[in-house]
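Engineer: In case you want the letters, here they are:
2 protein chains.
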Amino acid sequence: MPKADTKTKILDAAEMLFAQKGFDAVSLRNIVESAKVNLAAVHYHFGSKQTLLHKVVSRRFRPINKERLAMLANAKSNAGKHKLKLEAVLESLFLPIFRAQANPKAGKSFTRLIGRVVFDRNAELQKFMLNELTEVFVEFSKAFEEALPDLEKTDLDWRSHFMAGAMAHTLCNSDLLTRFTQTNANDSELETTIQRLIDFTAGGFRAKVSKTSKTNKNT
Amino acid sequence: MPKADTKTKILDAAEMLFAQKGFDAVSLRNIVESAKVNLAAVHYHFGSKQTLLHKVVSRRFRPINKERLAMLANAKSNAGKHKLKLEAVLESLFLPIFRAQANPKAGKSFTRLIGRVVFDRNAELQKFMLNELTEVFVEFSKAFEEALPDLEKTDLDWRSHFMAGAMAHTLCNSDLLTRFTQTNANDSELETTIQRLIDFTAGGFRAKVSKTSKTNKNT
DNA sequence: CATTAATTCAAACGATCGTTTAAAACGTGC
DNA sequence: GCACGTTTTAAACGATCGTTTGAATTAATG
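So the protein sequences, as listed, match chains A and B.
Residues in the first sequence are numbered consecutively from 1, following the working numbering.
Residues in the second sequence are numbered consecutively from 1, following the working numbering.
If you are wondering where the hints come from, they were derived from the structure by calculation, not from laboratory data.
All figures in this text were calculated on a predicted structure; none of them were measured in a lab.
Please note that the accuracy of each hint is not assured.
Said to hold, decoys possible - Heads up, simulated DSS-like pairs for lysine-lysine below, C-alpha to C-alpha not over 27 Å straight-line:
no. : chain 1 : residue 1 : chain 2 : residue 2
1   : B       : K85       : A       : K208
2   : B       : K208      : A       : K76
3   : A       : K208      : B       : K208
4   : A       : K21       : B       : K49
5   : B       : K76       : A       : K208
6   : A       : K153      : A       : K127
7   : B       : K83       : A       : K208
8   : A       : K21       : A       : K55
9   : B       : K21       : A       : K49
10  : B       : K55       : B       : K7
Claimed, not checked - Derived CB-CB ranges, DEER-like:
no. : chain 1 : residue 1 : chain 2 : residue 2 : range
11  : A       : H43       : B       : H43       : 26 to 36 Å
12  : A       : K142      : B       : K36       : 44 to 54 Å
13  : B       : S27       : A       : P149      : 44 to 54 Å
14  : B       : H43       : A       : E146      : 57 to 67 Å
Note that beta-carbon positions come from the ideal geometry of N, C-alpha and C, so glycine has one too.
Whole structure, please, built from the sequences with the hints as guidance.
Structural biologist: In structure tokens form, the structure reads like this:
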């Protein structure tokens with residue numbers, strides 16, 4: 001009991017504070033105060049502040065990415081001989097992580113943290129995230145190509161990145177978004193948020209490619 | 001000459017470093033070392049680190065926002081009695097800030113910084129940014145409504161935020177994006193980037209609203 | 001129960017932080 | 001050249017930082 005408890009207390013406090021203020025603005029003393037544990041426990045259990053961050057991220061992100069891949073595989077097998085639907089691919093990507101917001105334990109902290117992490121340029125963290133996301137990148141890239149066979153690779157990649165930005169912004173600022181748009185943050189609204197994001201990004205993926213951007217590729 | 005130079009040196013160094021590593025991870029000593037000025041000069045010229053950040057942002061962001069508003073006004077007067085085109089609104093919003101990337105002095109630092117700032121949850125900074133962006137919000141909101149008269153206000157707001165995420169991600173990570181997509185970062189590619197972003201976001205704004213998201217609004 | 005391993009604790013280390021202070025240096029106008 | 005204003009400078013302040021250390025406490029094992 002108490003053995004696992006200190007560690008979890010630290011992880012939870014760190015998750016909340018990193019999400020609120022960012023990695024660099026939160027000290028270990030902030031975390032241990034919030035967690036009501038001793039400062040040296042952080043080094044005992046995690047070794048360093050950086051490692052703590054990685055653990056905070058990976059403890060929830062790994063299962064999420066696993067679920068993403070499972071949902072995608074399911075969508076593929078459901079499609080069978082038909083073409084893989086873009087909306088199914090997008091849902092597989094968004095649903096697991098947005099569902100994490102409904103977790104009463106983590107609530108919005110974790111997803112806010114993930115949204116922030118996407119924008120963080122700390123080299124150590126980028127390396128770590130790339131490692132966490134490699135398989136997701138590979139599999140979803142292939143899935144997007146399959147769902148959008150007529151879209152050129154370069155355009156597909158750019159649109160994937162725009163989509164990632166839209167998703168990260170939504171994850172990171174969902175409380176601001178709901179306040180600004182006067183919608184509620186309950187469970188059913190979560191499905192609505194996801195649907196809204198799917199509508200927007202699917203619309204973006206399917207948008208006609210302007211002549212300018214296509215022509216310029218050949219120069 | 002030397003009178004303005006120290007101040008500008010500090011601003012330039014801060015811009016670059018804040019963009020690279022974020023506000024909290026960069027110390028004043030990092031900045032003055034890079035700028036080759038004395039530590040106390042920061043307080044003499046700017047008063048505090050926080051104020052320095054605001055000045056770094058506002059010195060370029062204000063003219064950009066001014067230009068955005070001017071371009072929008074121009075687009076409106078060009079439209080005359082016709083409906084304002086969504087693409088014109090988007091271009092007015094994106095072009096001035098993406099053009100800042102072509103500035104050899106600021107290059108990518110400033111836009112990367114703005115991209116990061118959108119995601120920063122520091123209360124002081126959010127207040128400051130809201131102040132800088134109020135007029136842009138108001139005018140562009142109206143313009144989007146005009147360009148998309150059939151889109152419900154709530155859906156419009158959500159899509160505006162998705163668009164903001166896509167834009168911020170692009171601003172923040174443009175070097176990663178160009179490397180990942182194997183495109184070049186020269187001037188003509190800038191126009192291409194903007195066009196790609198317009199294509200995607202316009203596609204998103206015009207996407208059909210799913211039944212689910214609409215129905216749920218009434219519960 | 002004794003021994004060993006694991007965990008927690010308080011204190012300290014060496015470093016760095018934003019800010020302040022007062023003196024020195026420089027610039028300006030008469 | 002002098003008086004005054006502005007800017008730069010080096011040093012210091014009080015605080016905080018991540019990490020380390022060794023002792024105390026607790027848990028596990030035979």
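Engineer: Please go over all the hints and tell whether each is borne out by the structure.
Structural biologist: We went through each hint and held it up to the structure:
1. B:K85 - A:K208: Holds - the C-alpha atoms of A:K208 and B:K85 are around 16 Å apart, at most 27 Å.
2. B:K208 - A:K76: holds (24 Å)
3. A:K208 - B:K208: Distance of about 15 Å is within 27 Å: holds.
4. A:K21 - B:K49: Holds - the C-alpha atoms of B:K49 and A:K21 are around 17 Å apart, at most 27 Å.
5. B:K76 - A:K208: holds (24 Å)
6. A:K153 - A:K127: Between A:K153 and A:K127 the Cα gap is close to 24 Å, so the pair holds against 27 Å.
7. B:K83 - A:K208: This hinted pair holds, its Cα atoms lying about 21 Å apart.
8. A:K21 - A:K55: Measuring from Cα to Cα gives roughly 18 Å; hence the hint holds.
9. B:K21 - A:K49: Cα-Cα ~17 Å, so holds.
10. B:K55 - B:K7: holds (11 Å)
11. A:H43 - B:H43: 26 to 36 Å: holds (35 Å)
12. A:K142 - B:K36: 44 to 54 Å: Holds - the Cβ-Cβ distance for A:K142 and B:K36, about 50 Å, lies within 44 to 54 Å.
13. B:S27 - A:P149: 44 to 54 Å: holds (51 Å)
14. B:H43 - A:E146: 57 to 67 Å: Given about 58 Å between the Cβ atoms, the range holds.
Hint check: no violations occur; every hint is consistent with the structure.
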